[in-house]
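Asker: Here is how the chains run, residue by residue.
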Amino acid sequence: MSLDQAATSASSGKKSGTSFSQHMNELSLFVAIVVLYVVFTSTANGFLSFNNQINILRDAATIGIAAWAATLIIIAGEIDVSVGPMVAFISVVLAFLLQWGAPTPVAFALSIVIGALLGSIAGALRAYFDVPSFVATLGLWSALRGTALFVTDALPVSIGRNDTLDALDRSVLGIPPAAIIMLVFFAIFSFVSRKTAFGRSVFAIGGNAHAAFLSGISVSKIRVALFAIAGAMAAISGILLVSRLGSGNATAANGLEFDVIAAVVVGGTSLSGGRGSMLGTLLGVLVITLIGNGLVLLGINPFFQQVVRGLIIVIAVLANIQAIKRSMSRNKG
Amino acid sequence: MTQTSLAPNLAHGPIASVKGCTRRYPGVLALDNATFQVAGGEVRALLGKNGAGKSTLIRMLTGAEIPDSGTVEVDGEELRHAGSGRAQDAFDKGVRVVYQELSLVPGMTLAENLFLGRWPRKGGVIQYAEMEAQAFEAMGRLGLERAPNTLVASLSPAERQLLEIARVLLGKPKLVILDEPTSSLAAAEAEKVMAAVTRIASEGIAVIYVSHRMNEIRQIAHSATVMRDGRIIDTVDVKGADTREIVRLMLGSEGSQAAALENRSLEKTVLEVRNLALAPKLSSVSFHLKAGEVLGIAGLLGAGRTELLQAIMGVRRQDQGEVLVDGKSVRPGHYKRMLLRGFGYTPESRKEEGIVPLLGVDENTLATNFSGVSKSGILSAKMMAEATRKVIERLHVKTARTDTPIGTLSGGNQQKIVIGRWVYANSRVLLLDEPTRGVDVEAKAQIYAIIRQLAAEGRSVIFVSSEIEELPLVCDRVLVLRDGTLGEEFKSPNIDQDALMAACIAGH
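Chain order of the listed sequences is A and B.
Per this note's numbering: the first sequence = residues 1 to 333.
Per this note's numbering: the second sequence = residues 1001 to 1508.
Hint data in this document are derived by calculation from the structure and do not stem from the laboratory.
We put the CB at the ideal spot given by N, CA and C, even for glycine.
A couple of the hints might just be wrong.
Simulated crosslink set (PhoX-like; lysine-lysine; CA at most 20 Å straight-line) [unchecked claim]:
(1) B/Lys1336 with A/Lys221
(2) B/Lys1328 with B/Lys1290
(3) B/Lys1290 with B/Lys1491
(4) B/Lys1239 with B/Lys1351
(5) B/Lys1375 with A/Lys195
(6) B/Lys1491 with B/Lys1268
(7) B/Lys1382 with A/Lys195
(8) B/Lys1351 with B/Lys1398
To give a feel for the contact side, a few chain B residues facing chain A, derived at Cβ under 8 Å [to be verified]:
(9) Leu1029
(10) Glu1073
(11) Pro1347
(12) Ile1378
(13) Arg1421
All chains, please: the whole structure from these sequences, using the hints.
Answerer: See the structure below:
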């Protein structure tokens, strides 16, 4: 009904509509970011300062690194809720490895491999045993947080002095390495999602898994690989966490998975799969981070911040869906 | 019309009549001055090939469509509403349709499904005892003796069909229309549904039974109305009528004039199927396919055609039997390996299994082999466009750009791409399941030409179709699938439509 009405009320411009609607989502997010900047600059003291902008970048990195992988997973029609505990668990693993005297590069590599292996467990449960990915990663979510808390007694695991980790927390030309790593991975994931058989297969699986299978795409293998990648990306976040805190911490990254999913969804990726973009997620990450940062600077009660955040996320997605619907029906008409 | 005289022992008058109805769609005359009548207590079979006008006639009776001219009467009163009220009017007068797509909730019980949404309630609480007692009675009427608290998920397909019929009967209908109710059932199961139909009629309800299985029709129908090109051709007494005669009515005289293909001699066998069985549809299927041959598989809806192709491709695992490629037996259930052997498969339901609607024509074509358009693992936009353009040109696909989302293309163009992806993958054996379904006339002709061209290049094609008239145009040889096994074989140039249709609908 509403689609039809929109179609009749839509203006002409059919030709330009296709390319325009493809970027409709990114465009509206960009407008949202500009609005947030204007609002916070005029209301929050010190929002536009260099230091605060660096803070925003650093916070964005925590969400962003995990969000790139989560975008692929959601495009494939799956979901991963295990991100936060995975980051915390890996930070603990890394701290112990270093305590036991493992050389830093080896400890890093092992952490990433362990992250990938843990992720692939969830992937295999989904791909070969038809366990819904929400359930598989929910199990991982609980087990990883529990294990980390159990072995550390919820106390930080200190790592002592470590030059490599210190370097990871030292800004380069004023920019934190975490932000650089985030942007490098953004470039890699954008490329992979658009320009490789793997990336396009992910879209095909999310768009119609049955058709993808009949076309000869290795649906199961790709599903496992996706969750392994997500685990590895969470492990990288875990390493950065250790470099920032100087310790492994079982209670860290609490609720990160929801920030990640919110960023991806705000970025216009469809939870039902088949549709989405890395650029959208990048903008989504910025929106989520800006809101968090601005509300803190405004000195709003931290409990009430959560209410505002929830409202803004839902409104952002609602506006996005409306915008996409309108531009799609314009194309049809 | 003589139908009333053919339905003896019927104390009831006409329940529904269509008088001189015409309905025109853009480019088609769907119903051409049709006059049709059905009486209470009568089971009337309705026959005709795809597009003969059966569905339009049914929609006239249900009020889903309004005739351009002519009138429809139900229970002695004319349907007068012009808008959506018309369907409600027909419903209120007692017209009900049992559709093929079942509308049951598998996770709920038989009784809950029977009263779905209209559960007997007291103060908002469902009265289970009362509901189950009523359900038991209603099901018993149709010969379905199952506990009312049985989950629908555990019912057989025939039992589900009976449940659908029981649900329709709750509204005390005067006319029940069944649209190919046995097409998804094995023969023994179908008996249950037919018994139920006979019972309904004995209660004075008029039944219209759309089916092409002659043995069923002979068993339960009093008479059969045959449609062709939107017209009612004749109403015949099925018990006396010869299958050949009915086929002649269905296809008309122009049927057999299609230009037949020349007989070609082919040498190398690429595929052999030995005694393949897959319960409940296939009991024992054996055939072989030569390089460069187009082999048609004819059969009615539900004959097991799709199951046969899926078993060969390894999408399903057969219960018994063997599939041999180039003389070597293949392990069942390995789809990917069949692709590597140079096989390609296009599914029957294009939308559900054939295309990824949001992705472009290019990616829908190239998904079978992305590495063919990659340079060191990176997709090359130029190579993708080139490879896609080749397929588009060869198969005459109409699309603005190579990366247009395939969901926006017409059905015919989508289907050409679904076939085209195996042309791109250079498959040597193509299994096409109903490749011309839902495709316009021009695209159909193009698809026939594509298939012949592929065969001329030495590729083999298995062409499954329920449209009898297209088989002689495309196939070197046609096999008829019926009762779980392959029966008659027809070879070009002697593929006779009438004989083919007769073989498809014939009884045991």
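Asker: Next step is simple, just say for each hint if it's right about the structure.
Answerer: These are the hints, each one checked on the structure:
no.: 1; hint: B/Lys1336 with A/Lys221; result: 13 Å, holds
no.: 2; hint: B/Lys1328 with B/Lys1290; result: 15 Å, holds
no.: 3; hint: B/Lys1290 with B/Lys1491; result: 13 Å, holds
no.: 4; hint: B/Lys1239 with B/Lys1351; result: 41 Å, violated
no.: 5; hint: B/Lys1375 with A/Lys195; result: 11 Å, holds
no.: 6; hint: B/Lys1491 with B/Lys1268; result: 17 Å, holds
no.: 7; hint: B/Lys1382 with A/Lys195; result: 12 Å, holds
no.: 8; hint: B/Lys1351 with B/Lys1398; result: 18 Å, holds
no.: 9; hint: Leu1029; result: 29 Å, violated
no.: 10; hint: Glu1073; result: 33 Å, violated
no.: 11; hint: Pro1347; result: 6 Å, holds
no.: 12; hint: Ile1378; result: 5 Å, holds
no.: 13; hint: Arg1421; result: 6 Å, holds
Violation of the numbered hints given earlier is confined to hints 4, 9 and 10; the remaining hints are satisfied by the structure.
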